[in-house]
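Asks: Using the hints, put the two chains back together into the complex; each one sits in its own frame.
Residue numbers (this note's numbering), protein chains in the order written: chain A, 122 to 344; chain B, 205 to 292.
The set of hints was computed from the structure by calculation and includes no laboratory data.
Using N, Cα and C, we set each Cβ at its ideal position, and we do this for glycine too.
Some hints here could point you the wrong way.
[Said to hold, decoys possible] DEER-style ranges, computed between Cβ atoms:
1. B:Asp245 - A:Glu214: 40 to 48 Å
2. B:Glu223 - A:Met327: 35 to 43 Å
3. B:Asp266 - A:Gly179: 31 to 39 Å
4. A:Tyr142 - B:Ala270: 21 to 29 Å
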Amino acid sequence: MANQVALPRYTYDPATGRYYYAVGGQPVAERRVKEVREGQVSEAEAALALLALLFFEGKIAPAVWVAQMDTKLLRLHLILAAVGAGGWEQLTEEDVARVERRLSDDRPRVAGTATDVVAGAITVAVLLARVNVYIGGARTQYYDARRPRLQRSASNMMLLERRILGNSRHCPDCLRYYGMGWQPAGTLPSPGMDSVCGGACRCDFMYVEVPAVEAHSWIGTRR
Amino acid sequence: MTTDEIIAWAEAQVQALMEAEVDGFDAEATVKRAAADLPDDGEVLTFVPEWGAVEVTEAVIDDARAEFYLSAPPKMKRLLDATVVPNG
Chain A
122 MANQVALPRY TYDPATGRYY YAVGGQPVAE RRVKEVREGQ VSEAEAALAL
172 LALLFFEGKI APAVWVAQMD TKLLRLHLIL AAVGAGGWEQ LTEEDVARVE
222 RRLSDDRPRV AGTATDVVAG AITVAVLLAR VNVYIGGART QYYDARRPRL
272 QRSASNMMLL ERRILGNSRH CPDCLRYYGM GWQPAGTLPS PGMDSVCGGA
322 CRCDFMYVEV PAVEAHSWIG TRR
Chain B
205 MTTDEIIAWA EAQVQALMEA EVDGFDAEAT VKRAAADLPD DGEVLTFVPE
255 WGAVEVTEAV IDDARAEFYL SAPPKMKRLL DATVVPNG
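Bound-form chain B, shown alone (with noise of 0.2 Å):
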């Protein structure tokens, strides 16, 4: 594929993704992440990455806080914010 053609998938899987209801910022951050290990022959139909181990850095655990935020019910968007207090 030219670098076109990549520009141009890439963008039709971000509004491939947004229609799956995903965030328009995360849809982005994805097919970014799924671009930046397409092989030379750009075989975008096919082709499945394997990565390797996870890592949990703060990063990823403040875009799970972000996504609890959006997802939880009102009451309840503060709950995994609670602080430590012995309650006696």
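So that you can see chain A by itself, here it is in the shape it has in the complex (with noise of 0.2 Å):
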């Protein structure tokens, strides 16, 4: 009992659309938010990857792979859903509306999916691919949920993003609105959206406020 360490706490401010430490009040940095949201991402492409690999060897079968994959991307949009709306409690019902109608469009792709394995009509690698594009459909869902919940400091301050560059390789899409450099917040399309790699991408935003009369020297720079 004595060696047993006191998980930390958490608060979540709508008024920032930021977390907190319960203990001390100190905002969490959002490098270790994204820490989160990449670790289910990885922790999904790997279970994934390995179940897709004994599904297409013939050691499970399709209607167990089709099974699991619903399981685990479900889970996997309203985790990451909850990371971006600010935790459980903040889920609303448009947030669930979202995963229930984005899984919804997934499954019969997961059903063609394993009817193309059994028809020997797809490669590993290509079945791989397509389990990576699913589990990009469910990191939408952070973004998603957060865009609408970020809020300005003030109302003489304004709210710029832009995209970056994830660590995967890039379509023209994401790379043309990399090249856009700042932009008002809600301006570009999310990571996964509106693009060529669709749920392929690995994209981000950063973030930043600037005064509103200083705006006009940040859109468009990568500054």
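Replies: Dropping the structure here:
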């Protein structure tokens, strides 16, 4: 008992859209939240890649693969939406409806992939790439939950965003969004949306808050 | 497939999922769900289920919470339990 360490508790302030340590009230660094998000994505990538390989090798039946993918993706969608929303308590009906909608759209795609594997119509590389896309679809939940909740601190300030390239191959769309530099928050598409790479996208956002009167000197730059 | 064959198949699938590092409880639930929709001919090698719209229930959210607790780094495990407090 003496060696147990209490796990940190957190709060969330909707006015700022940020997490804080419950003890001390310091804001949680954005990179820590990013690590949580990407940690979930990486864990899913590893788990579902192994599952896909065993399915491809015939050790897991198609119906079992589809069922396990469904379970894992649903949880991932919800977790990432919750990370973006500020926690489980902050998930709204709209957030949940978005999860239901996106996963309902993905269900026939996963079933179609299973059928393609059964028919021998795709290679293991294509299977793994598709699994990666499904995971990327879950990743968009984070951005769609978070972005509407971002707030500027005062009426004379302006929140800017820019796309940054992730550690993966980049499509022309993502390179173009990166090239647009700083833009008013809410302007640029979320990673995984409106891009050829789709769910394979692993780009991210950076944010900065500047006095509104200075915003023009930031727009279009990558300063 | 006979009932005994389906049972044997299900057990083998649970084992295969656990070898894929799926939690035992999840593995059994997954195989049970897959088996529930097997057609009468029991063609387990080719059958692909087609399910309708997703519904998120409280039980589903609880499962996602449990998954997060298991997978998040220790210091971040309680992040998603954040309570809303205006930080001023």
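Asks: Give a verdict on every hint.
Replies: Status of each hint after checking the structure:
{"no.": "1", "hint": "B:Asp245 - A:Glu214: 40 to 48 Å", "verdict": "holds (42 Å)"}
{"no.": "2", "hint": "B:Glu223 - A:Met327: 35 to 43 Å", "verdict": "holds (41 Å)"}
{"no.": "3", "hint": "B:Asp266 - A:Gly179: 31 to 39 Å", "verdict": "holds (34 Å)"}
{"no.": "4", "hint": "A:Tyr142 - B:Ala270: 21 to 29 Å", "verdict": "holds (24 Å)"}
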